[in-house]
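Chemist: Could you build the full structure based on these sequences and the hints that come with them?
Residues per chain, in single letters:
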Amino acid sequence: MSRRLNTLYFALVLVTVALFFTSVYEIFFVAPVEEQMGIVQKVFYFHVPSAYCMYVGYSVCAVCGAIYLVTRKDRFDAIAVAGAEVGLMFSCIVLTTGPLWARKAWGVYWTWDPRLTTTLLAALIFVAFLVLRSFGEAGEGEKRFAAGLAIVGLLDLPIIHYSVQRWRGQHPTVITGRGGGLSPDMKPALLFSFLAFTALVALLIWTRTRVELARMRVRGLEMDASEHGLMEDA
Amino acid sequence: MMRSAFFALTLGFLTITLCSASTNAVAQDGPAEAAPEDSRATQFRAMQGPAQESVPGGTLMVAAYGLVWLFVFAYIVRIALLSAKTSSEVERLSSALAKKTLSPENKG
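Here the protein sequences line up with chains E and X, keeping their order.
Residues 1 to 234 (the working numbering) make up the first sequence, in order.
Residues 1001 to 1108 (the working numbering) make up the second sequence, in order.
If you're looking for bench data, these hints aren't it; they were derived computationally from the structure.
Even for Gly, the Cβ is constructed at its ideal location relative to N, Cα and C.
Among the hints, erroneous ones may be present.
To be verified - In silico lysine-lysine, DSS-like type, Cα no more than 30 Å apart, as pairs:
{"#": "1", "chain 1": "E", "residue 1": "143", "chain 2": "X", "residue 2": "1085"}
{"#": "2", "chain 1": "X", "residue 1": "1085", "chain 2": "X", "residue 2": "1100"}
{"#": "3", "chain 1": "E", "residue 1": "73", "chain 2": "X", "residue 2": "1085"}
{"#": "4", "chain 1": "E", "residue 1": "73", "chain 2": "E", "residue 2": "143"}
{"#": "5", "chain 1": "X", "residue 1": "1099", "chain 2": "X", "residue 2": "1085"}
Stated by the list, open to error - Stretch-level coverage of chain X by chain E, calculated; a stretch enters the list once three of its residues show a Cβ under 8 Å from a Cβ in chain E:
{"#": "6", "region": "1058-1070"}
{"#": "7", "region": "1081-1090"}
Modeler: Encoded structure:
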């Protein structure tokens, strides 16, 4: 990585750290407790930005997968893998923090609400993507099939977003659709959380892409070594 | 150096968030109700008003924030381990290939 990119990377790390400190302060020391749900509503400040990061990760995966299908450049394949992994990590956050809030608000951890179900479906599609990519050394066929799967996964994202309105689910629509809105005192906490999570998702996708590109380099070196008869020695 | 700084920052976050969350949970959840275990074992009493279930919101919130940091930290560890493994592989293969290229049989 060039010196300039290295500086940018460190700057992004510092910005992420600063934003998380600010958001944690805003959430726990500034934002008021919600009238009806009480303190458990504070889960919202990390749950919603995590869902947004999940969308970002999966969209990056699908778009770069599509570009890879056209250009066959390994760089885009590496970004697609990074996007899928990071998106799945944020899916895990969404699918665990949501039920903890739901236990208090709905009385149950899980219900087959349209938004919950479609979110789980998206997570399963990208699990399939990563499983497909992890079958030994993913060849050209596996890479192309996985890219197609990622595009199918992308189609699920608008369904997640509009499912609450379309099928009248019980998932809250405070900041989207026809929700009643957020108290003005709560907005800074949510804003800083969104900014912090945006920086985090960019940082994670960048880091994971670098590692994936290095892994591709290892595969290239292994092929060279194999041609020179070095792999048998190892 | 970069990796250890990243780990330290993540651990710092985990600690700060959980401390803040638990402090808030204790401060804003109100006083704990008297434990009914003793009376429950010896008598049954009719509830006054509609049936209610007490769900500990503070505990659920602390668990949620704890899980967020757990997932983020676990993923950073995964990336770090993958990166370390890949770097050592690149080094090993590069040196092996360099040796092979520089060996007398290849020069001839």
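Chemist: A separate judgement is required for each hint: does it hold in the structure or not?
Modeler: The hints, checked one at a time:
no.: 1; hint: E:143 <-> X:1085; in the structure: holds (23 Å)
no.: 2; hint: X:1085 <-> X:1100; in the structure: holds (23 Å)
no.: 3; hint: E:73 <-> X:1085; in the structure: holds (24 Å)
no.: 4; hint: E:73 <-> E:143; in the structure: holds (11 Å)
no.: 5; hint: X:1099 <-> X:1085; in the structure: holds (21 Å)
no.: 6; hint: 1058-1070; in the structure: holds (count 8)
no.: 7; hint: 1081-1090; in the structure: holds (count 6)
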